[in-house]
Each structure stands twice: as C-alpha cells, then as structure tokens.
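For the sequence shown, the numbering used here assigns the number 7 to the initial residue and increments by one for each residue that follows.
Check each hint, because a few of them may be wrong.
Simulated pairs of lysine-lysine, DSS-like, Cα-Cα distance not exceeding 27 Å [said to hold, decoys possible]:
id : residue 1 : residue 2
1  : K187      : K238
2  : K187      : K248
3  : K248      : K238
4  : K286      : K62
5  : K172      : K62
6  : K77       : K187
7  : K286      : K77
8  : K187      : K172
9  : K77       : K62
Source of the hints: derived by calculation from the structure; they are not laboratory data.
Note that the structure is a prediction, hence the values are computed from the model and not measured.
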Amino acid sequence: MIRHWIEKAGWLPGMGLREAANIEAELTPPFTVQQPRHLTGPFVFNSPHSGRVYPKTFLEASRLDALTLRKSEDVFVEELFVPVVGLGAPLMHAHFPRAYLDVNREPYELDPALIADSLPRYANTQSVRVVGGLGTIARVVTESEEIYREPLSLAQALVRINRLYKPYHAALQDLMEQCSKAFGLSVLIDCHSMPSNPTSDLGGPRPDFVLGDRFGTSCDPELTRFVAQRLKSMGYVVTLNKPYAGGFITEHYGRPVDGLHALQIEVNRALYLNEETFEKRAGFDALQADLERLARAMFAIAPVLLNVPRAAAE
C-alpha cells in the first residue's frame, strides 16, 4: 500500500516531501549522458559512482564530514574516460554520490538497520551487500563508518529510488538498446575506481586494474582477455574478478547469449589521485591517455572479436 501511494498517487509523508524537494533543487538533472557525434562502435561507458553533488540535508544528517563521505566516491572517473565520447561512444555518469544512493545495487536492497519503518515484502533485506551496510541506500562508508545520525524513513528511501535510481537505469537501458539497434549487440563498460590500500582478500597491494566479468558470465571472455592483455602491454598489473567481479550493473546488463555484454573496470586510485585530499595527481593525464589508447584498440578489435557487422561499424 505504501508503495502504491508513493509511486502512483504521488503522496509523500513529511520527510519524503523534504527529500523530494532537495533532489529537485540540488540533483536536477541527476546524471549526464555525453553523446558522440556518431556512434562508431557497440560500446556504452558508464560511471555510476563518480557523482559528487552531496545534498545539503544529506550532509546535515550525516555523522561524518564531507571528506570521509567521499571515501566511497569514484573520484574523477568520468573524466578519465571522457575521451571515449570523441571516439564514438556515449558516456553516462551520475551526479549524486554513491553514499546517497547506489545504482549498482538492486532497486530495493534496503537495510532494516537503517530504515526506521517496517520494510515492504518486495525489499531484499538479506543480500550480502545489505548485511554489510552497502545496500541501495548505504548505511556505512568503506567497511565500518556509519553514515547517519538517525535512521531514515521508508518514504525518504523510496523517493531516492524513484527519482534517481529508476531514471538512471531507464537511461542506461536506452543507451544499450541504441547500440544494439545500430550494431546488433552492445557492450557496457562499467567504470569504477578502488582505494589503493591493501586488503585481506588480496593479501598485498592492490593491482592497477581489476576487470570483472562475473567470472566469464557477463561478457565474452575474448574481450575480457583482450582488455587485460592491452593493459598489461602498457605496463599495468591486472587481475580478473578478484576482489571485484562486478556488481548489480554488470550482472543485470551482461547477457552475452542475448548479445549484451558488460565488463567492469576498476582503476587503482593511486595511479591518478591523492587519496587524502581528493586532488588529481601528476599521473592523471598519462592514465587518461592510456585509457584512450585502450578504447581505440577495443573499437578496432570489436568487429572481429564480437562479430559486429562491418557495415554497422563504419
């Protein structure tokens, strides 16, 4: 019933009204799609976690300072990949931060430890991500720093989902369909960054890149191998699927049997970013140039690797 009222009738409890007003004032539009003059390959590039517009009321509701909240942000990733637009591929990126709403989750991965109201039956409250505090509305930053001073209302959560999450995925779906119509298939490159600090799951320093294709299920393995080999040839350390195999976006959009491929690329932030001040390092331009070289190679090899009709690619 609550879902019906909020989604259909437009009725919002007090906190939901304030949430909606904040989104309207500070997050309109909620994302940008940079379109090329001409599509020249079956690729869609997406940066879902590089948003850095932190609503004022979100900052007020948080027990963390702004710099701490940014620990989960894929800082400047959309800028690293922006040359792909000139090569002939669309680039989509969020304006809202991951700490506010995470589009790389199912729409209703809702955390009962964060939402004050009873959750509806359609909510997924038991996923590994929710249990870890990293659901659609994150409860923590990194692994243990609680974001909020007080629990959120269900209305607040649903407003974020309806006004940010759903339009974002609708636009991303449109881009995939646009490529499929033009080339007979589409390839989503989901662009992320990762902190450089060592983690127990790796047992040592982070590699320069982690490629995630859901262990060969979301993308043609030949394309994954090609990307890995190209990056290695540039001198980078590359691993596959560990510790990042791809999130909801990679899993949801990657269906190779249907001509839909999705590959997640995680970039080590130490290559381009001062992780304390969130300022670009001297290596930013060189990394951006290498990623453009990688994209050019992907565009060139796509007709062979993925059987793109040559007429469509010209």
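Hints versus structure:
1. K187 / K238: violated, 33 Å
2. K187 / K248: Violated - the C-alpha atoms of K248 and K187 are around 33 Å apart, more than 27 Å.
3. K248 / K238: Given that 27 Å is the threshold and the Cα spacing comes to 16 Å, the pair holds.
4. K286 / K62: Holds, at roughly 25 Å.
5. K172 / K62: Answer holds: K172 to K62 is near 22 Å, not above 27 Å.
6. K77 / K187: Distance of about 38 Å is beyond 27 Å: violated.
7. K286 / K77: holds, 15 Å
8. K187 / K172: Roughly 22 Å separates the two Cα atoms, so the pair holds.
9. K77 / K62: holds, 18 Å
Comparing the model with each numbered hint stated earlier shows that hints 1, 2, 6 do not hold.
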